[in-house]
Amino acid sequence: MRWACILLPQLALDGVLRAHPDPEAPLALVSGTPQRRVLRALNPAAKALGLRPGQSLSAAHALTRDFALVEHDPAQIERWEQLLAAWAYGFSSQVSLRYPRCLLLEVESSFALFGPWPRFEARLRRELAALGFRHRIVAAPNPVAARMLANACDGLAVTSQEELRDALGRLPVDRAGLDRDAATAFVRMGLRNLGQVLALPRDTLARRFPAEVLRHLDSLLGERPLALECYRPPDEFDLRIELNFEVESHQALLFPLRRLTADLAAFLASRDSGVQRFSLHLEHRDLADTLVPVGLLSAEREAAMLFELARGRLEQLQVPAPVRAFRLQARDLPAFVPERRELFDERPQQSLPWEQLRERLRARLGDAAVHGLAARADHRPERAWQLDGASPSPPLPSGATRPGWLLREPLVLRDGSVRILAGPERIESGWWDGADLRRDYYLVQTRCGQRGWAFRAVGGEGPLLLHGWFA
Amino acid sequence: MGAVVALDTLLNERRVWKGQPGTQPAGSDQPTGLDALDRVLPGGGWPEAALSEILVAATGLGELRLLWPTLARLTASAERVVLVAPPHIPYPQAWQAAGVDLRWLALVEASGRDALWAAEQCLRSGSCGAVLCWPQQADDRALRRLQVAAETGQTLAFAYRPLEAALNPSPAALRIAVDGQPAQLRVLKCRGGLAPAAPIALAR
Numbered sequence: 001m002r003w004a005c006i007l008l009p010q011l012a013l014d015g016v017l018r019a020h021p022d023p024e025a026p027l028a029l030v031s032g033t034p035q036r037r038v039l040r041a042l043n044p045a046a047k048a049l050g051l052r053p054g055q056s057l058s059a060a061h062a063l064t065r066d067f068a069l070v071e072h073d074p075a076q077i078e079r080w081e082q083l084l085a086a087w088a089y090g091f092s093s094q095v096s097l098r099y100p101r102c103l104l105l106e107v108e109s110s111f112a113l114f115g116p117w118p119r120f121e122a123r124l125r126r127e128l129a130a131l132g133f134r135h136r137i138v139a140a141p142n143p144v145a146a147r148m149l150a151n152a153c154d155g156l157a158v159t160s161q162e163e164l165r166d167a168l169g170r171l172p173v174d175r176a177g178l179d180r181d182a183a184t185a186f187v188r189m190g191l192r193n194l195g196q197v198l199a200l201p202r203d204t205l206a207r208r209f210p211a212e213v214l215r216h217l218d219s220l221l222g223e224r225p226l227a228l229e230c231y232r233p234p235d236e237f238d239l240r241i242e243l244n245f246e247v248e249s250h251q252a253l254l255f256p257l258r259r260l261t262a263d264l265a266a267f268l269a270s271r272d273s274g275v276q277r278f279s280l281h282l283e284h285r286d287l288a289d290t291l292v293p294v295g296l297l298s299a300e301r302e303a304a305m306l307f308e309l310a311r312g313r314l315e316q317l318q319v320p321a322p323v324r325a326f327r328l329q330a331r332d333l334p335a336f337v338p339e340r341r342e343l344f345d346e347r348p349q350q351s352l353p354w355e356q357l358r359e360r361l362r363a364r365l366g367d368a369a370v371h372g373l374a375a376r377a378d379h380r381p382e383r384a385w386q387l388d389g390a391s392p393s394p395p396l397p398s399g400a401t402r403p404g405w406l407l408r409e410p411l412v413l414r415d416g417s418v419r420i421l422a423g424p425e426r427i428e429s430g431w432w433d434g435a436d437l438r439r440d441y442y443l444v445q446t447r448c449g450q451r452g453w454a455f456r457a458v459g460g461e462g463p464l465l466l467h468g469w470f471a
Numbered sequence: 001m002g003a004v005v006a007l008d009t010l011l012n013e014r015r016v017w018k019g020q021p022g023t024q025p026a027g028s029d030q031p032t033g034l035d036a037l038d039r040v041l042p043g044g045g046w047p048e049a050a051l052s053e054i055l056v057a058a059t060g061l062g063e064l065r066l067l068w069p070t071l072a073r074l075t076a077s078a079e080r081v082v083l084v085a086p087p088h089i090p091y092p093q094a095w096q097a098a099g100v101d102l103r104w105l106a107l108v109e110a111s112g113r114d115a116l117w118a119a120e121q122c123l124r125s126g127s128c129g130a131v132l133c134w135p136q137q138a139d140d141r142a143l144r145r146l147q148v149a150a151e152t153g154q155t156l157a158f159a160y161r162p163l164e165a166a167l168n169p170s171p172a173a174l175r176i177a178v179d180g181q182p183a184q185l186r187v188l189k190c191r192g193g194l195a196p197a198a199p200i201a202l203a204r
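For the record, the sequence lines run as chains P and S.
Quick note: the first sequence, position 433, residue 433 per my numbering, numbers continuous.
Quick note: the second sequence, position 91, residue 91 per my numbering, numbers continuous.
Treat the hints as calculated values from the structure; they're not laboratory data.
Treat the hints with care, as some may be off.
Claimed, not checked - Okay, the calculated bits of chain P under chain S, using three or more residues with CB under 8 Å as the criterion:
| id | stretch |
| --- | --- |
| 1 | 79–89 |
| 2 | 369–381 |
| 3 | 401–409 |
A virtual CB, placed ideally from N, CA and C, is assigned to each residue, including glycine.
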């Protein structure tokens, strides 16, 4: 047993439903020319109304009009396939999209990591269900057999060659993936299942049928290796959800946002990378897209956190026009380094690491709202500090004390309101970079006992300017 | 019927006021760094995992120096200290001279309700050693939220407020007024003990 086939029988419908706010309501996918529109796929609620796939839209409308219509979009299906391939890539390095609406993955080499097949299979099913895709899974010694057995079975796991022959023998001829003419011919010959076909002498088959038939039978039995093109994960994530109605409040965008971030997290986990920056595109009818960039200080990939951060950004936003589609793009996908946690943490259980706290604050207050402080080797008070100093320089040796608070703008002190306690201390610096400064600083005290740090330009006569508080 | 609670437990939790100064515990986990203040506080230091209010008549009366020893101790043991919406720029050289390791200092810029929200988030997260804030219009409810957040995150919370706020009751575990003339500290309220009548001189 080496290959697993994950068949997605309702990929198009599932893809639409998982982005739909009310998947329980009757819904139908339609396709076809404008003159003749045909129902392609239906959810159970729509089937319960008596609608059938293949019905024309007018016939369906004659029955009922209580169902939602969604245009069938082949490009969308390809996008889902890519997403699922990226997801499957997390389980196996050999993933193939050779057959439509189906994933083939080599599983045996992953057993050491994900446990024996039953447990592995359960995990695949659990994650697919969480992603919102109905599926059938079959494992077999070769990819072609896995794919064809999935036509008729679900949950089958074939390990040995004998079992495979057995299982294939029971497969109806018309479901074995043979080309249509050959399959019809076999059925007309009275051969119902593949076992009867395989029992025929090989040379008679070769004489009466094209070479492809024998080739296909050989690959089914694994006697003829199949060259599969393996999926290679893209280096960026780009997913778009078309909204079924025009959304005007960001509240209504939270549901698709949760989907998109969950998909992004699944994609990141499969690539074993994190995301540093991503952007949300809100598409409008007439206006250009609204872009909501979400930046993180460190690479992250946890779905709940990505959602929380994106939500913080989205809630700040004034949507300029109704939104028709919603898209998440992530290009910057650096390697993910799991955060280090203390083994003996003194803090309570629910403690949130500083990095996450910082992200949460930045998401609501803005990117520049959280920063560190560093000293700069400069005598000028205005230049003695910097936010987020990359390499804090050692403070200049200074005999004089500095106040704990520095005012952003010096404040004029009225004459007589302060008493000079000490000074002046002359600060004269900056002649080399144009920001020349010559000041005499005094330690002053106000009537109610506040101590301040005030200056006057050297040689100047004006009032003292308060520049800091010795708080 | 209520559950039987050992009297010692109540006394140790300082939920029952004994009416006379109890024996001081030998050293608190959060000493203020001012011996005179430590001696009069019930726990021998800042109330842990609680909100302390510092009421000042005006900026520049020594209200920062009151906390510097604590901040220096916390940052030295790699605990993060967050200043939420400080009123002015912390002069790095002065803070360094006071022993504060700036690498562990974080500044959050916010205003109004956002500042209260940020302070609450920082307290609740449990990833900070101390959170300092300067609430502009803090009502009883906002202070109670800070107090609860400090308890949840097991973090020291300090709120600087104007002296006029002393007239209103507050859920803070400790309230200290800083006077300028003369330079002194007055403990207005301390949970679990009797507020000392005598002010504590503040060296300048």
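Verification of the supplied hints:
Chain S is given as covering the stretch 79–89 of chain P, and this is violated because 0 residues of the stretch bring a CB closer than 8 Å to a CB of that chain, at least three being needed. Counting residues of the stretch 369–381 of chain P whose beta carbon lies closer than 8 Å to any beta carbon of chain S gives 9, which meets the minimum of three for the stated coverage. Judged by the Cβ-Cβ criterion of 8 Å, the stretch 401–409 of chain P is covered by chain S as claimed, because 8 of its residues qualify and three suffice.
Consistency note: the structure conflicts with earlier hint 1 alone.
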